[in-house]
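Chains A and H are the protein sequences, given in the same order.
Each residue of the first sequence is one higher than the last, beginning at 1 in my numbering.
Each residue of the second sequence is one higher than the last, beginning at 1 in my numbering.
Relax, there's no trap hidden among the hints.
Just so you know, same-sequence chains aren't split out, so a pair can sit in one copy or run between any two.
Distance condition first, Cα-Cα at most 35 angstroms in a straight line; then the derived DSBU-like pairs of lysine-lysine:
{"#": "1", "residue 1": "K48", "residue 2": "K316"}
{"#": "2", "residue 1": "K268", "residue 2": "K248"}
{"#": "3", "residue 1": "K337", "residue 2": "K268"}
{"#": "4", "residue 1": "K337", "residue 2": "K248"}
{"#": "5", "residue 1": "K322", "residue 2": "K48"}
Simulated from the structure, these hints should not be mistaken for laboratory data.
2 protein chains.
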Amino acid sequence: MERCTLTDVALAAGVSRAAAGKVLLGSGGNGIRVSPHTALRVRRAASKLGYCPNRAAQQLRGKPSQLVSVILSLEAPAVELDRLLQIERQGCRLGLQLTVSVIPEGDPLAETQRVVDTMAGRGVDGFLFITPDESLYTGGFPDLHGIPAVYNAVGERFSRQYAVSMDMVLGGRLSVERLLCQGRRRIGTAYLGPNVFSLRRLQGIAQATDGAGVTCLPTFFLQHQKDIQELPEALAERIVDEVAVGGKADALIVENDYWAARVLNAMKRRGVRVPDDVALIGYNNLDLGNFTDPALTTVEEHNDRIAEAMLRLLTKRMAGQKPDRLVLVAPELVVRKSA
Amino acid sequence: MERCTLTDVALAAGVSRAAAGKVLLGSGGNGIRVSPHTALRVRRAASKLGYCPNRAAQQLRGKPSQLVSVILSLEAPAVELDRLLQIERQGCRLGLQLTVSVIPEGDPLAETQRVVDTMAGRGVDGFLFITPDESLYTGGFPDLHGIPAVYNAVGERFSRQYAVSMDMVLGGRLSVERLLCQGRRRIGTAYLGPNVFSLRRLQGIAQATDGAGVTCLPTFFLQHQKDIQELPEALAERIVDEVAVGGKADALIVENDYWAARVLNAMKRRGVRVPDDVALIGYNNLDLGNFTDPALTTVEEHNDRIAEAMLRLLTKRMAGQKPDRLVLVAPELVVRKSA
Numbered sequence: 001m002e003r004c005t006l007t008d009v010a011l012a013a014g015v016s017r018a019a020a021g022k023v024l025l026g027s028g029g030n031g032i033r034v035s036p037h038t039a040l041r042v043r044r045a046a047s048k049l050g051y052c053p054n055r056a057a058q059q060l061r062g063k064p065s066q067l068v069s070v071i072l073s074l075e076a077p078a079v080e081l082d083r084l085l086q087i088e089r090q091g092c093r094l095g096l097q098l099t100v101s102v103i104p105e106g107d108p109l110a111e112t113q114r115v116v117d118t119m120a121g122r123g124v125d126g127f128l129f130i131t132p133d134e135s136l137y138t139g140g141f142p143d144l145h146g147i148p149a150v151y152n153a154v155g156e157r158f159s160r161q162y163a164v165s166m167d168m169v170l171g172g173r174l175s176v177e178r179l180l181c182q183g184r185r186r187i188g189t190a191y192l193g194p195n196v197f198s199l200r201r202l203q204g205i206a207q208a209t210d211g212a213g214v215t216c217l218p219t220f221f222l223q224h225q226k227d228i229q230e231l232p233e234a235l236a237e238r239i240v241d242e243v244a245v246g247g248k249a250d251a252l253i254v255e256n257d258y259w260a261a262r263v264l265n266a267m268k269r270r271g272v273r274v275p276d277d278v279a280l281i282g283y284n285n286l287d288l289g290n291f292t293d294p295a296l297t298t299v300e301e302h303n304d305r306i307a308e309a310m311l312r313l314l315t316k317r318m319a320g321q322k323p324d325r326l327v328l329v330a331p332e333l334v335v336r337k338s339a
Numbered sequence: 001m002e003r004c005t006l007t008d009v010a011l012a013a014g015v016s017r018a019a020a021g022k023v024l025l026g027s028g029g030n031g032i033r034v035s036p037h038t039a040l041r042v043r044r045a046a047s048k049l050g051y052c053p054n055r056a057a058q059q060l061r062g063k064p065s066q067l068v069s070v071i072l073s074l075e076a077p078a079v080e081l082d083r084l085l086q087i088e089r090q091g092c093r094l095g096l097q098l099t100v101s102v103i104p105e106g107d108p109l110a111e112t113q114r115v116v117d118t119m120a121g122r123g124v125d126g127f128l129f130i131t132p133d134e135s136l137y138t139g140g141f142p143d144l145h146g147i148p149a150v151y152n153a154v155g156e157r158f159s160r161q162y163a164v165s166m167d168m169v170l171g172g173r174l175s176v177e178r179l180l181c182q183g184r185r186r187i188g189t190a191y192l193g194p195n196v197f198s199l200r201r202l203q204g205i206a207q208a209t210d211g212a213g214v215t216c217l218p219t220f221f222l223q224h225q226k227d228i229q230e231l232p233e234a235l236a237e238r239i240v241d242e243v244a245v246g247g248k249a250d251a252l253i254v255e256n257d258y259w260a261a262r263v264l265n266a267m268k269r270r271g272v273r274v275p276d277d278v279a280l281i282g283y284n285n286l287d288l289g290n291f292t293d294p295a296l297t298t299v300e301e302h303n304d305r306i307a308e309a310m311l312r313l314l315t316k317r318m319a320g321q322k323p324d325r326l327v328l329v330a331p332e333l334v335v336r337k338s339a
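Work the whole structure out from these sequences, hints included.
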């Protein structure tokens, strides 16, 4: 049987070829308008004739739509899933088709390699890794079978990879600058552990406090805490007792907005008022920061800009170009009531 | 050039074929353990020899891994993305590879059809639609080119489709039963609009209050509000003023946890204590409900079970079986401090 063409469908549906193309291929831009009723007729004709729009569309466009494999680690799902969503939205406009894999539990590099191998076998045209923590790559980078890749991650390890990184030093600096404006003089900090994320933010905090006549209290690290979303109530209370009350901090910068919300509630239980007694700043501009009372001042990393930079790097690489290796995306302070 | 085999890689790396299989194909189960150092050596040998693990793995398994297209609408991203994540995690264990598309803005059915056509052209083996609102399908269902599909949605329209649905009637009933236990007697409700979601929940609320000697206040509908996540402060205050204060409700059930958090803060501003004066119940068991003060009592829809049911239906359909068309997943009440 001959392959059914767009013209066959147009004839069967009693519409112009341009109209059929608009409905089935999205071609023709805004100049062509098709009523829902006509569109349905076109789709029915296409279905009846066994028309395969995609292959025909590929011939029309002269190349197949490109398939990009997005590989995610989920350390902070709210962050990584939002970044994925931004990539999906923008990638769609660029004519990319995404396939998504979450790295299974186990040896992270070996599991990543397995996903890469599977997707390479499926003929993907590029890889995007949303794996912000460089500790995933202590054993080296996966073998990409020569397929272009862009990493979203933080750390020195990525200096020889194509990577989009968050400027966390700036994130730390912006938080302190806000606190200085408010006249705060004793700044406490609480982080999960001395990892690449907290160390860069502390670097920014040190830059901003240097010579400003303020005191930085010793950082409270929760080394043994695995899940960065969940700060148990008891630990939130320890932070409040040791840093805010015992250390007499008048400002507190913490790991993320989850922590900030927990610390906020612990402060209420201790009778410490936010922001009157202690100003509080989180990180990541999570949804929940809009709903706490007071709402949280936080750092927005701009997942939309991160996604845009990743796609720009990758499409250049897929086109055989050699763009700059590292793109640093600047965060912004979102000022609400807590600081 | 001959295709390089697993044995070639094992020989080059100086390991057993089983060990090479473990590293490159994930074969051999837990009986075989390979050190990270050995694994690296195997991967390097594979890379050097141009070994393509995937094709070999497929031959070993006797069939290619199946590709499933997940098509999402994002009305309440926190809900739909979590459902996607559960599907990704469980699908991975079933040997499925997922490709994900968000329906672009525009005529929803036409845009869905376009995505379906593209993915059909890519040779997907099945479709999963996470498109909970039946109003997407007022113009009919997309033509699936004969490829099996399972919908995640609520509404009569899906009676002739394979669908996994949330039992929202039960969700309403469970909320009221909790309030009755607490001796609440005047129940207020606030929803986005009279859509399929709120009407089913109201049906459950009516069932549970029937003959229980309690009063259901008229439902507060926010017909013009488009985004269901964001309840502006002024509207949250109107709900409190009209239903809680003016209607003298001692309990309030609202659209979702976003709304509940906003209403909670509005009550605080009005001097209404939760739960002492008014008990408050949200929906969806969103993250943020853990962080409000008091934490929110809410309805958990069990996205893990929804994902499991969708995958079970789809894999049966892909195997040519004819399972029951509709699976109803029961929600559960998560009791915290607000009710």
